[in-house]
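**Student:** Chains as they are written, first to last, in full-length UniProt numbering: chain Y, 1 to 473; chain E, 1 to 473.
Keep in mind that a hint or two might mislead.
[Unchecked claim] Straight-line distance between alpha carbons at most 20 Å, and here's what the computed DMTMM-like set of lysine to aspartate or glutamate pairs gives:
no.: 1; chain 1: E; residue 1: K88; chain 2: E; residue 2: E200
no.: 2; chain 1: E; residue 1: K88; chain 2: Y; residue 2: E64
no.: 3; chain 1: E; residue 1: K175; chain 2: E; residue 2: D232
no.: 4; chain 1: Y; residue 1: K175; chain 2: Y; residue 2: E123
no.: 5; chain 1: E; residue 1: K175; chain 2: E; residue 2: E262
no.: 6; chain 1: Y; residue 1: K175; chain 2: Y; residue 2: E228
no.: 7; chain 1: E; residue 1: K88; chain 2: Y; residue 2: D403
no.: 8; chain 1: E; residue 1: K340; chain 2: E; residue 2: D305
no.: 9; chain 1: Y; residue 1: K88; chain 2: Y; residue 2: E166
no.: 10; chain 1: Y; residue 1: K175; chain 2: Y; residue 2: E262
no.: 11; chain 1: Y; residue 1: K88; chain 2: E; residue 2: D404
no.: 12; chain 1: Y; residue 1: K175; chain 2: Y; residue 2: D78
no.: 13; chain 1: E; residue 1: K175; chain 2: E; residue 2: D152
no.: 14; chain 1: E; residue 1: K88; chain 2: Y; residue 2: D404
no.: 15; chain 1: Y; residue 1: K175; chain 2: Y; residue 2: E243
no.: 16; chain 1: Y; residue 1: K340; chain 2: Y; residue 2: D78
no.: 17; chain 1: Y; residue 1: K88; chain 2: E; residue 2: E64
no.: 18; chain 1: Y; residue 1: K88; chain 2: E; residue 2: D128
What the hints contain is simulated information worked out from the structure, not anything from laboratory work.
Here is how the chains run, residue by residue.
Protein chains: 2
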Amino acid sequence: MADEDVFDVIVIGAGPVGENVAGRAVRGGLTAAVVEERLAGGECAYYACIPSKALLRPVGLAAEVSRIPGLELRGPIDTAAVLARRDKTVSHLDDGGQVGWIENVPATFVRGRGRLAGPLRAEVTTPDGDTRALRARHAVVVATGSDPYIPDVPGLREARPWTNREATSVQQVPKRLVVIGGGPVGCEMSQALHALGAHETTMLVRADRLLDRTEPFAGELLANSFQESGIDVRFGRSAVRVERPVPGGPVTVHADDGSRFEADEVLVATGRRPAVGDIGLETVGLEARGPIEVDASMRATALPDGWLYAVGDVNGRNMLTHMGKYQARVCGDVIAARAKGRPDDLPALRDTADDRGAPQVIFTDPEVCAVGRTESQARADGFAVRAVEYDMGAVSGAYLQADDYTGRAKMVVDDGRRVLLGVTFVGPAVVDLLHSATIAVTAEVPLDQLWHAVPSFPTVSEIWLHLMEEYGL
Amino acid sequence: MADEDVFDVIVIGAGPVGENVAGRAVRGGLTAAVVEERLAGGECAYYACIPSKALLRPVGLAAEVSRIPGLELRGPIDTAAVLARRDKTVSHLDDGGQVGWIENVPATFVRGRGRLAGPLRAEVTTPDGDTRALRARHAVVVATGSDPYIPDVPGLREARPWTNREATSVQQVPKRLVVIGGGPVGCEMSQALHALGAHETTMLVRADRLLDRTEPFAGELLANSFQESGIDVRFGRSAVRVERPVPGGPVTVHADDGSRFEADEVLVATGRRPAVGDIGLETVGLEARGPIEVDASMRATALPDGWLYAVGDVNGRNMLTHMGKYQARVCGDVIAARAKGRPDDLPALRDTADDRGAPQVIFTDPEVCAVGRTESQARADGFAVRAVEYDMGAVSGAYLQADDYTGRAKMVVDDGRRVLLGVTFVGPAVVDLLHSATIAVTAEVPLDQLWHAVPSFPTVSEIWLHLMEEYGL
Chain Y
1 MADEDVFDVI VIGAGPVGEN VAGRAVRGGL TAAVVEERLA GGECAYYACI PSKALLRPVG
61 LAAEVSRIPG LELRGPIDTA AVLARRDKTV SHLDDGGQVG WIENVPATFV RGRGRLAGPL
121 RAEVTTPDGD TRALRARHAV VVATGSDPYI PDVPGLREAR PWTNREATSV QQVPKRLVVI
181 GGGPVGCEMS QALHALGAHE TTMLVRADRL LDRTEPFAGE LLANSFQESG IDVRFGRSAV
241 RVERPVPGGP VTVHADDGSR FEADEVLVAT GRRPAVGDIG LETVGLEARG PIEVDASMRA
301 TALPDGWLYA VGDVNGRNML THMGKYQARV CGDVIAARAK GRPDDLPALR DTADDRGAPQ
361 VIFTDPEVCA VGRTESQARA DGFAVRAVEY DMGAVSGAYL QADDYTGRAK MVVDDGRRVL
421 LGVTFVGPAV VDLLHSATIA VTAEVPLDQL WHAVPSFPTV SEIWLHLMEE YGL
Chain E
1 MADEDVFDVI VIGAGPVGEN VAGRAVRGGL TAAVVEERLA GGECAYYACI PSKALLRPVG
61 LAAEVSRIPG LELRGPIDTA AVLARRDKTV SHLDDGGQVG WIENVPATFV RGRGRLAGPL
121 RAEVTTPDGD TRALRARHAV VVATGSDPYI PDVPGLREAR PWTNREATSV QQVPKRLVVI
181 GGGPVGCEMS QALHALGAHE TTMLVRADRL LDRTEPFAGE LLANSFQESG IDVRFGRSAV
241 RVERPVPGGP VTVHADDGSR FEADEVLVAT GRRPAVGDIG LETVGLEARG PIEVDASMRA
301 TALPDGWLYA VGDVNGRNML THMGKYQARV CGDVIAARAK GRPDDLPALR DTADDRGAPQ
361 VIFTDPEVCA VGRTESQARA DGFAVRAVEY DMGAVSGAYL QADDYTGRAK MVVDDGRRVL
421 LGVTFVGPAV VDLLHSATIA VTAEVPLDQL WHAVPSFPTV SEIWLHLMEE YGL
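Let's have the full structure, built from the sequences with the hints guiding it.
**Tutor:** Next comes the structure, spelled out in structure tokens:
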């Protein structure tokens, strides 16, 4: 065992979250080490956000072309070309660029399995089996992310189901696919793989709709689109048994109504769990169960002396890459402020976005995006709510964008303060419209000021005008 | 001549602006008549915004397809299909739907040429030559829009040049086209017509760049795109003489450097002028010269007793459909408030958007959109400015959107107050991103609050994060 290496901050996990903690802490005048066992850049860069969008983009674009007379595609999507582009977007699973980014911060990149090893200490098991001891002067940050959750269905684990990793890194698209789960990952991967060759795609969705944490119409519009394209969506159905007698051979999924589905692969998309296993939490007196609870500065609330932070999926606040990166900026800045004796109670050093509602985007066709609370969440939280909806297809900018544009928007208003609590847009080409709502919701811009923010004609953004007129402005 | 018809409000001009004045005034409890000589719906619906976007959408979409491996178009754009879709978007020049909208307000639609006829009075020459007298109890609103400006170039008028009207209603795309002007209309129509068959397109641009009221990089990126696609852009060149010996035959445009260009049509896109001719301004003691000056409630400042309003292009504040519609909402509401004795000094009854900066979108490839002041305008206005730029192609969401995504963004900050004065985005698929900037600029959301508005990953909206990091947040 080598001597102890000392840094101001040690970050365990080099996903986008860990990278950003290090970047901000170093910008604040500290030294940092970032430890990663697998690929620097994390799940997002190689097996989640990036490749899934690379797979979905041509699918969405082909749908756009089908809605504009005068353009015609020369045949189906060329799956091989799409996969080749996907490979490029994930840098062919080479993390040299990401390691270079970290070293350029500058921070020290340590390749290996990182674990806590008592207060302000970590140890790293390097790829060649050595152990390296690290000590932090100010903070250790856990940014280990999350793992896919595999439900306890008899035969499922043994069948070696696909998760987001196998789906996004697909080399040979299975002809027959069963997808368990109707959340964002299940929806995105069903649509992408179906369009790229999984002609027989069946979704088993336990809830009575897709995307059951968003406004009901979002899941309904998406289900219409899926069903029109030939995806078989079964609502209220759970898998109860899975059989795969020959490894790599056909797999049979039995549902709770007695129906059964044979497929070439089964994809499990039933959520993720904070990755707290085998990271040494027991060495600092914490249990490796559930998310690591943190305060608004990302400091673990269980340790009174305050040197341990947890950022991103592992703290369970909001399992979205952009929210993890946001938390990372907060955390890196606050660690630097505390280390340097600067004020640590500035608004910038407090997570306000998680509370007011994080934005989320689902890159399906139609796209689904939302920020803040749904109407039912807002009512449950005790707000005096007034909500208005509008058909996005009736907006001039939308019907220029596409023939038969189908979409819907909703605005949830705190009627007392006349500020927005939440906004949902569903339709083609709305993902970058969402940021207008994110600003309005997060900064609590009063409706009477939003009224003077004029959407350009003829863009889809004019939905704002219609929503506000519906509200009575 | 029939008896005088009396309404609370008389609106001259049934473009989107006049329609919206009537809509808001009636909502406020008044009666209204709307007079229109040509098509209800106005220039925008038939000869400007709507058809130009219908022509541009397939062009932009084809460009998007060219940047995504795995999709291929079956050949060039089918111009006939695009023109047929354009015809549909302009309702085949039938304004029945728009007249229905007005009657549904409910307001009275009067077909004919409307003119002021003394205080609170108007007269209408109907299509069959009758004259109808109208009297307003509270207000007359001029919403006559604007006309294309044809510069005083020898031979130009005689050559019967195209304006936006002929370009957007094109039935047979000319093979050879000369475009005079490098502003929004010149740029949009050059790109659309070039892609739809005007293979020899030459632009004569007096300035040294395209779009010379926007940030310099906008025009530069657009010119690169034009030149790559084969449009011949000549900077610093004006037309000095035009010859068209045979009506409808070839036209020759002579430039000020002695060069000459033969074409099948010449399109003049050198701006617009308020339509104040022959609308009876002299009957109320005003000159028919230049825009009708108005205050922030759209009331003509020249008439002390305050019954005359001018809204939209005709007041010269901001010649954009959405700004005209916005002014119309302000004006309709303020007329109703004044008529009913309600307070007329509410923020909602004052145009604030024109002052802080109207948004503008140019639907070319790349798209160009901006709101508020450019850096040079902000400096000229005396602000303590700090401006930052960022390469949009370096945003993850952008390179997923398109291979070789080319674009640029700029944020102009009032460094003292830390609020945004202006934002410019140039690149594919940014038009609906603009509204986030419009809210930030118009509502003066402080940067330190914008910092908590987290853009979703991986969208183009993350440009916001990069801009703010560049600024030092």
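**Student:** For each hint, tell me whether it holds in the structure or not.
**Tutor:** We went through each hint and held it up to the structure:
Proximity of K88 (chain E) to E200 (chain E) is assessed by CA-CA distance (about 28 Å); at most 20 Å being required, the pair is judged violated. For the suggested pair K88 (chain E) and E64 (chain Y), the alpha carbons sit about 18 Å apart, so the restraint of at most 20 Å is met. About 14 Å separates the Cα atoms of K175 (chain E) and D232 (chain E), which keeps this hinted pair within 20 Å; it holds. For the hint pairing K175 (chain Y) with E123 (chain Y), the CA-to-CA distance comes to about 45 Å; that exceeds 20 Å, so the pair is violated.
Of the supplied pair hints, the one linking K175 (chain E) and E262 (chain E) holds, its CA atoms being roughly 11 Å apart against a limit of 20 Å. This hinted pair checks out: K175 (chain Y) and E228 (chain Y) have alpha carbons roughly 18 Å apart, not beyond 20 Å. For the suggested pair K88 (chain E) and D403 (chain Y), the alpha carbons sit about 10 Å apart, so the restraint of at most 20 Å is met. Taking the CA atoms of K340 (chain E) and D305 (chain E), the gap is near 17 Å; set against the 20 Å cutoff, the hint holds.
At roughly 17 Å between alpha-carbon atoms, K88 (chain Y) and E166 (chain Y) fall within 20 Å of each other, so this suggested pair holds. A C-alpha spacing of about 11 Å is found between K175 (chain Y) and E262 (chain Y), which places the hinted pair at or below 20 Å, so the restraint holds. A distance of roughly 13 Å separates the Cα atoms of K88 (chain Y) and D404 (chain E); the hinted pair therefore holds under the 20 Å criterion. For the suggested pair K175 (chain Y) and D78 (chain Y), the alpha carbons sit about 15 Å apart, so the restraint of at most 20 Å is met.
Using a Cα cut-off of 20 Å, the hinted pair K175 (chain E) and D152 (chain E) is violated, with the two alpha carbons roughly 26 Å apart. Distance hint between K88 (chain E) and D404 (chain Y) is fulfilled; the C-alpha atoms sit about 13 Å from each other, no more than 20 Å. For the proposed pair K175 (chain Y) and E243 (chain Y), the alpha carbon gap of about 18 Å is at most 20 Å, so the pair holds. With a C-alpha separation of about 55 Å, the suggested pairing of K340 (chain Y) with D78 (chain Y) is violated against the 20 Å cut-off.
Of the supplied pair hints, the one linking K88 (chain Y) and E64 (chain E) holds, its CA atoms being roughly 18 Å apart against a limit of 20 Å. Taking the CA atoms of K88 (chain Y) and D128 (chain E), the gap is about 68 Å. The hint is violated against a cut of 20 Å.
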